[in-house]
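**Q** These are the residues of each chain, in order.
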Amino acid sequence: MKRSFRLTGLFHSQYTIRVKYDNKKKLKAGIFYDDNLEIKLQMRNKIGYYIGFGLASALMALSLQEFYLYLFDKLPIPQSLTVTLFGAVTGGILGALFAGMDGFFSGSNFLFRTGVRLGLIIGLAGGAISFFVVDQITSFNLLTEDNFYVLQLVLISRWVVIALSIGLAIGFRDKNQLVTTRSIGAGLIAGVLGGLSISIVSQFIQMPSIARGVGLIVLGVAFTVSLYRFSFLGRKVWLKVLNGKLEGLEIELTKEILIFGTQDNDDINLQDYQDVQQSHAKLIRYFENYSLVDNDPFCQTFVNFRGIKEQFLKNGDILKIGTALFQYCTVE
Amino acid sequence: MISHIRVLTHSLILLFFLASQSWASTIDPILVPDNRFSLLMAVPLFILGLLLLFLTKTWFNKKPIKKLGFISITPHRPQKFFPLTEEVNNMIPVVEELADEQTNVYSNLSKLTLTSKPSGVFLEDKNYKISILINRRRARRSILNDGDILDMGELTIMFQSPERRPSKRDFQSHSSGHAIPRARRSNSRIIKNCPSLIPADPRQKTYYLTKNITLIGRSEMNDLIPKSKAVSPMHSRIEKIAGKFKLVDLTSSQGTFVNGRRIDIRFLNDGDEISFESIKYTFSTSGKVR
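Top line first, the protein sequences correspond to chains C and D. By the working numbering, the letter at position 28 of the first sequence is numbered 1505, and the numbering carries on one by one without gaps. By the working numbering, the letter at position 159 of the second sequence is numbered 164, and the numbering carries on one by one without gaps.
Each hint should be verified, as a subset may be incorrect.
Below are the DSSO-like pairs computed for lysine-lysine, each with C-alpha atoms no more than 30 angstroms apart in a straight line [to be verified]: (1) D:62 - C:1523; (2) C:1722 - D:67; (3) C:1791 - D:71; (4) D:85 - C:1722; (5) C:1717 - D:62; (6) D:85 - C:1791; (7) D:72 - C:1722; (8) C:1523 - C:1786; (9) D:122 - C:1722; (10) D:71 - C:1722; (11) C:1523 - D:67; (12) C:1523 - D:68; (13) C:1786 - D:249; (14) C:1791 - D:134; (15) D:68 - C:1791; (16) D:122 - D:62; (17) C:1791 - D:216; (18) D:216 - D:232; (19) D:72 - C:1523; (20) D:62 - C:1713; (21) D:249 - C:1713; (22) D:251 - C:1786; (23) D:85 - C:1717; (24) D:68 - C:1732; (25) C:1786 - D:245; (26) D:232 - C:1786; (27) D:68 - C:1717; (28) C:1713 - D:68; (29) D:134 - C:1732; (30) C:1722 - D:62; (31) D:62 - C:1786; (32) C:1523 - D:251; (33) C:1652 - D:216.
Honestly, the hints are just simulated from the structure, not real lab data.
My request is simple: use the sequences and hints to build the entire structure.
**A** Here it is in structure tokens:
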């Protein structure tokens, strides 16, 4: 068993087992855990982090693109293959960067690895397919000579496909319907804006590298900023961190069970706080709300500064785990 | 996961093969390499991007600077900060700054006094009735510590100060780490004279009947789980009715026995011997063996 250490914390309380029995499923905690990937750790409520990350990822993707185009200009490779590879490279890099963003910032290796892997694969496939198809379409002279606007629309569409596939990768990473909807919406906006800016800039400036650069930067920044904007839509329950390293962070609760602990793949990682055990406490969902359960009698868990074994939470409650303070918030 | 990667790589190789065979030649102006700039731009851009990436990470990880003051943390209200100076004597300016018109604060704020002492900020409630909760407990006076949470009516605010006053309770394992301005209560009552089930096997623990309904059976959802295959998943139930305890058999296959007789429903007396097949308990109202 790969993550058996994580399961030991589970069986301290009867409650997880009781949930499984009521649903009439098999009592298999391993599958139960692998189904639920890590939750999305939102960044602190500042748009600056998002803009910075979007800019940085766009610059990195742009430099790799330039390098790639320079390389393939020297090598004897058919041009149509070059175009497809170009799309694959761009989509793969952007997908890996954007899907790994949350893991990179929250410092969780597990989330980072799954994000990069999924983003790379899906972005690569989306980029390659869209560029290949658009290349085949534009090869007909009918389209290119007479209809300028149709050509531009077709050229924009491949950026939209890349951005949508990245949004899909983020959704697959979180395995949550709400997150998928948000990220796909963000991808749509970013793709349209990026493609439009490329085709507009290329009309005025005759240097293709600048058009590429402007388009990628617009795409990256629009993607991250709209991800941030959409992260507040449709959210029901979240935890606000009140002190310490993660102060100001709002953690959206989407999973059935969330574990507070110090391990790498714990849902809410409290490494930088004192007096926190390996798997300290857990949140279990009942209908709309959550209840906080102590994982073992040696852990001290407090709700409203009173020691608890298990407590149903309501709006405005203050949780205390080790030295970390949280506030539980629900929609009004 | 590996199989997915394999399928994708195969399909991509097929696609590239198709593409190399195709007749297309692009007239797309964007994909033309720019020989003047390409390598000159690529390396510094990559380094710049990496730098920006780690700059944002360090910016994100930077600890926010703590100032002396109050933060409003009322849910669904915008988060504001009130810097505390020595001119502030009571809570009126604090509440004026942090609360909006919709939040009600039910207290005479002029009698909530703040004084700065060498050991920290001292908050005293001079109202007739205590109207403030410090760390969710009613308290008349206390020295505020970093991270203390005050409730006044619908308003919730948190006290923040750059230096943390170490308290004795921080070193005790039972405390919540916050100075609670009151005699500390023990978290759990000491069970005395509680009705209980004392097992005949001395290695087992005594079970105290603290709940109104106690479920007995082999299934995990029960309160008392005798480890024997003879016990049904839902064997029987003990109810507390008007100070008496009633044992109810839940149509178990092996039956529930009290003093050697199979029963359906029976009120328990002190010293009754309850047995589920091979496992035996003695019911005791005082928690002691007679």
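**Q** So, for every hint listed, does it hold in this structure?
**A** Hint check results:
1. For a cut-off of 30 angstroms, the pair hint linking residue 62 of chain D to residue 1523 of chain C stands: about 13 angstroms separates their Cα positions.
2. Taken as a hint, the residue 1722 of chain C and residue 67 of chain D pair is honoured in the structure, with Cα atoms around 8 angstroms apart against an allowance of 30 angstroms.
3. The straight-line distance between the Cα atoms of residue 1791 of chain C and residue 71 of chain D is roughly 28 angstroms, inside the 30 angstroms bound, and the hint therefore holds.
4. Distance check on the hinted pair: residue 85 of chain D and residue 1722 of chain C sit about 19 angstroms apart at the alpha-carbon level, within 30 angstroms; holds.
5. Between residue 1717 of chain C and residue 62 of chain D the CA atoms are separated by roughly 20 angstroms; this keeps the pair inside 30 angstroms, and the hint holds.
6. The hinted pair formed by residue 85 of chain D and residue 1791 of chain C meets the criterion: a straight-line CA distance of about 23 angstroms does not exceed 30 angstroms.
7. With a CA separation close to 16 angstroms, the supplied pair residue 72 of chain D and residue 1722 of chain C stays within the 30 angstroms bound.
8. With a CA separation close to 36 angstroms, the supplied pair residue 1523 of chain C and residue 1786 of chain C exceeds the 30 angstroms bound.
9. Distance restraint check for residue 122 of chain D and residue 1722 of chain C: the Cα-Cα separation of roughly 29 angstroms lies within the 30 angstroms cut-off, and the hinted pair is therefore satisfied.
10. Of the supplied pair hints, the one linking residue 71 of chain D and residue 1722 of chain C holds, its CA atoms being roughly 12 angstroms apart against a limit of 30 angstroms.
11. With a C-alpha separation of about 13 angstroms, the suggested pair residue 1523 of chain C and residue 67 of chain D falls inside the 30 angstroms cut-off, and the hint holds.
12. Taking the CA atoms of residue 1523 of chain C and residue 68 of chain D, the gap is about 14 angstroms. The hint holds against a cut of 30 angstroms.
13. With a C-alpha separation of about 28 angstroms, the suggested pair residue 1786 of chain C and residue 249 of chain D falls inside the 30 angstroms cut-off, and the hint holds.
14. Under the criterion of a C-alpha separation no larger than 30 angstroms, the hint pairing residue 1791 of chain C with residue 134 of chain D is consistent with the structure, at around 27 angstroms.
15. With a C-alpha separation of about 29 angstroms, the suggested pairing of residue 68 of chain D with residue 1791 of chain C holds against the 30 angstroms cut-off.
16. With a CA separation close to 39 angstroms, the supplied pair residue 122 of chain D and residue 62 of chain D exceeds the 30 angstroms bound.
17. Taking the CA atoms of residue 1791 of chain C and residue 216 of chain D, the gap is about 24 angstroms. The hint holds against a cut of 30 angstroms.
18. Between residue 216 of chain D and residue 232 of chain D the CA atoms are separated by roughly 21 angstroms; this keeps the pair inside 30 angstroms, and the hint holds.
19. Of the supplied pair hints, the one linking residue 72 of chain D and residue 1523 of chain C holds, its CA atoms being roughly 19 angstroms apart against a limit of 30 angstroms.
20. Distance check on the hinted pair: residue 62 of chain D and residue 1713 of chain C sit about 28 angstroms apart at the alpha-carbon level, within 30 angstroms; holds.
21. The straight-line distance between the Cα atoms of residue 249 of chain D and residue 1713 of chain C is roughly 45 angstroms, outside the 30 angstroms bound, and the hint therefore fails.
22. Restraint check: the Cα-Cα separation between residue 251 of chain D and residue 1786 of chain C comes to about 28 angstroms, which is no more than 30 angstroms; the hinted pair holds.
23. Simply put, residue 85 of chain D and residue 1717 of chain C have alpha-carbon atoms about 15 angstroms apart, close enough for the 30 angstroms limit, and the pair holds.
24. Straight-line distance between C-alpha atoms of residue 68 of chain D and residue 1732 of chain C comes to about 28 angstroms, which keeps the hinted pair within the 30 angstroms bound.
25. Distance hint between residue 1786 of chain C and residue 245 of chain D is fulfilled; the C-alpha atoms sit about 23 angstroms from each other, no more than 30 angstroms.
26. Simply put, residue 232 of chain D and residue 1786 of chain C have alpha-carbon atoms about 24 angstroms apart, close enough for the 30 angstroms limit, and the pair holds.
27. Restraint check: the Cα-Cα separation between residue 68 of chain D and residue 1717 of chain C comes to about 16 angstroms, which is no more than 30 angstroms; the hinted pair holds.
28. A C-alpha spacing of about 28 angstroms is found between residue 1713 of chain C and residue 68 of chain D, which places the hinted pair at or below 30 angstroms, so the restraint holds.
29. For a cut-off of 30 angstroms, the pair hint linking residue 134 of chain D to residue 1732 of chain C is broken: about 43 angstroms separates their Cα positions.
30. Distance restraint check for residue 1722 of chain C and residue 62 of chain D: the Cα-Cα separation of roughly 13 angstroms lies within the 30 angstroms cut-off, and the hinted pair is therefore satisfied.
31. For the proposed pair residue 62 of chain D and residue 1786 of chain C, the alpha carbon gap of about 37 angstroms is over 30 angstroms, so the pair is violated.
32. Only pairs whose Cα atoms come within 30 angstroms are accepted, and residue 1523 of chain C paired with residue 251 of chain D is rejected, the gap being roughly 61 angstroms.
33. Proposed proximity of residue 1652 of chain C and residue 216 of chain D is contradicted: the alpha carbons are some 40 angstroms apart, above 30 angstroms.
Of the hints listed earlier, those the structure fails to meet are numbers 8, 16, 21, 29, 31, 32, 33, in rising order.
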